Amino acid sequence: MRQPELTFHIAREAGLEMVFSRGSALRYPEHTHVASCTLTLVRRGVVCLRRGRTECVYPRGSVYAVARHEPHSPAYSDDFDCVSLCIDLQRCAALRREALKRVCAEYCGLLREKGLLRPEDAGALLTGLNTLLPETGMPVRDGRPPLHPAVSASLRRFELPEEEGADTAPPANELSPFHFIRRFRRELGLTPHKYLVQSRVRAARHLLAHAPSIADLAARLGFCDQSHLDRCFKRALGVSPKAYREACIFWENWG
Numbered sequence: 034m035r036q037p038e039l040t041f042h043i044a045r046e047a048g049l050e051m052v053f054s055r056g057s058a059l060r061y062p063e064h065t066h067v068a069s070c071t072l073t074l075v076r077r078g079v080v081c082l083r084r085g086r087t088e089c090v091y092p093r094g095s096v097y098a099v100a101r102h103e104p105h106s107p108a109y110s111d112d113f114d115c116v117s118l119c120i121d122l123q124r125c126a127a128l129r130r131e132a133l134k135r136v137c138a139e140y141c142g143l144l145r146e147k148g149l150l151r152p153e154d155a156g157a158l159l160t161g162l163n164t165l166l167p168e169t170g171m172p173v174r175d176g177r178p179p180l181h182p183a184v185s186a187s188l189r190r191f192e193l194p195e196e197e198g199a200d201t202a203p204p205a206n207e208l209s210p211f212h213f214i215r216r217f218r219r220e221l222g223l224t225p226h227k228y229l230v231q232s233r234v235r236a237a238r239h240l241l242a243h244a245p246s247i248a249d250l251a252a253r254l255g256f257c258d259q260s261h262l263d264r265c266f267k268r269a270l271g272v273s274p275k276a277y278r279e280a281c282i283f284w285e286n287w288g
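In terms of the working numbering, the sequence shown opens at residue 34 and continues consecutively.
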């Protein structure tokens, strides 16, 4: 089984990211996208996507969407080639549907001009946006009820993983640890511990570009050591932090 080939084209100001991935028999553990929704086009091979207790199979030419906070676990076939458009909901929250589609179309056009994205791929992804976006604006939590106060308070702590002492315990005077874990998993699809590790990996992704030392970054984000960060990072993204940093291309002056 060869290592996956991943390239991340990131336009942070616009809140967009295009991920090109190819390889052999890659599987990701169950996770959620906390701040983004994603469209994936299967250009070669097959993707088996588990959503909760349901498993969907997407052959070549398919486009599938993953909403924010939706637990899922994708498994890629022996020879796959996919491209994913990731939309940061926090940065794009103020945009209406047509404005967001226009920004995505411009970004796809930029990558197409650079020879990175085929015209038919851009068309398939932009058509897929219609299945993901509501008529106006972007969904905050996809129409689901508000979070329990204890869960919401924990999320605020998890979003600042650099804080010393950040843990998965429920806020004082709220739910018992047992009921908190059950409530958290029911509302967000993951246990508090898995969610916290996911948040720390996401923070590492954001900070790696300018981190002089991966070991120092691991300590700052609450990992036991660099090896711990490496394991969690590779499990989540399929590549090591060092390989990820080398695979990122930033479009700093776009958007």
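It should be emphasised that the hints constitute simulated quantities derived from the structure, not laboratory data. Where hints are given, some of them may not hold.
Claimed, not checked - DSS-like, lysine-lysine: derived pairs with alpha carbons at most 25 Å apart: (1) Lys-275 / Lys-227; (2) Lys-227 / Lys-267; (3) Lys-147 / Lys-134.
For clarity, every value in this text was computed on a predicted model and none was experimentally measured.
Quick rundown of the hints versus the structure:
1. Note on Lys-275 and Lys-227: the hinted pairing holds, with a Cα-Cα distance of about 22 Å set against a maximum of 25 Å.
2. As the CA atoms of Lys-227 and Lys-267 are separated by approximately 15 Å, the hinted pair is consistent with the 25 Å bound.
3. Taken as a hint, the Lys-147 and Lys-134 pair is honoured in the structure, with Cα atoms around 20 Å apart against an allowance of 25 Å.
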